[in-house]
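Asker: Chain by chain, the residues:
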Amino acid sequence: MALRLDSANSEIETLFQLAGDLQGKSVLEVGCGDGRLTWGYGHRPALVYAVDPNEVKIAAAKRTLPPQWYGRVQFAAQSLEQYYAAAIQTPTRYDIAIFSWSL
Amino acid sequence: MVHALKQIRDLLKPGGLLIDIHPSGEPPPIHVHLDGQAICVGWVKEENEFISYFQTDDALAQACQNGWFTRQSHTRFAFTTAADTIQELYEYLSQNWEDMIIEPQIISRAEDLLRSSQPEKEVQVREWIKMTCLQKPAKE
Numbered sequence: 001m002a003l004r005l006d007s008a009n010s011e012i013e014t015l016f017q018l019a020g021d022l023q024g025k026s027v028l029e030v031g032c033g034d035g036r037l038t039w040g041y042g043h044r045p046a047l048v049y050a051v052d053p054n055e056v057k058i059a060a061a062k063r064t065l066p067p068q069w070y071g072r073v074q075f076a077a078q079s080l081e082q083y084y085a086a087a088i089q090t091p092t093r094y095d096i097a098i099f100s101w102s103l
Numbered sequence: 001m002v003h004a005l006k007q008i009r010d011l012l013k014p015g016g017l018l019i020d021i022h023p024s025g026e027p028p029p030i031h032v033h034l035d036g037q038a039i040c041v042g043w044v045k046e047e048n049e050f051i052s053y054f055q056t057d058d059a060l061a062q063a064c065q066n067g068w069f070t071r072q073s074h075t076r077f078a079f080t081t082a083a084d085t086i087q088e089l090y091e092y093l094s095q096n097w098e099d100m101i102i103e104p105q106i107i108s109r110a111e112d113l114l115r116s117s118q119p120e121k122e123v124q125v126r127e128w129i130k131m132t133c134l135q136k137p138a139k140e
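These protein sequence lines are chains C and S, in that order. Numbering of the first sequence is given in the working numbering, commencing with residue 1 and proceeding in unit increments. Numbering of the second sequence is given in the working numbering, commencing with residue 1 and proceeding in unit increments.
Incorrect hints may appear among the rest.
As the list claims (entries may be wrong) - Okay, the calculated bits of chain S under chain C, using three or more residues with CB under 8 Å as the criterion:
1) 1-12
2) 32-41
3) 82-88
In short, the hints are calculated from the structure, not lab data. Note that CB positions come from ideal geometry on N, CA and C, so glycine has one too.
Using the sequences and the hints, build the whole thing.
Answerer: Okay, structure coming up:
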């Protein structure tokens, strides 16, 4: 049997308790890794942009991304610093930012 | 860390929320579960990483003192990582947790227990994780 991470869904339930149900929101996730946390909430926001400097993990996240989430949920191999340098020049701003075990 | 919080603040809408998730720093216990009974076989140690967890707490407090955010709520939850064998658990943790240490005697103790003929058995690490919600002011 495979490794089991947070089988009680404690992390995602706690996220919804503190941040609300994320329905229709725009979310920036920093330190997304292979998408472990993203899979738990990604069906709800209008937009998710998830970054992590680890290219291998981001590649895994992109492979696992459900087709019905394409365009709405994006992963990028970037540090926060790199993303900030580009994003601050644009009008894009988020409703919610998540530091996922990464601050 | 404080610099990263300033950047996140800039990328949030007015009134936007920041959620921070990080380990509490308490040593995570390792349990072997046999048919519903939990037996503690030891704890995961960290060389230095626990220091960064306290630095994260300080950075969040500093960001609030700077007026960048107000703290809305905080809580903690238990995050469990479970496997059928201690080898599988150790391999996963060593790939994903940079400076974690599990002493050899803990591994032996877990292996001995998992040799049990009981059908329902697993080994589990339980970490206490802090989650904090900060809010950017609605008006600058």
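Asker: For the region 82-88 of chain S, does the count of residues with a C-beta closer than 8 Å to a C-beta of chain C reach 3?
Answerer: Check passed, 4 qualifying residues.
Asker: Examine the region 1-12 of chain S for residues whose CB is less than 8 Å from any CB of chain C, and state whether their number is three or more.
Answerer: Answer holds; 8 residues pass the 8 Å Cβ test.
Asker: Verify this for me: three or more residues of the region 32-41 of chain S with a beta carbon less than 8 Å from a beta carbon of chain C.
Answerer: violated (count 0)
In summary, the one numbered hint that this structure violates is 2.
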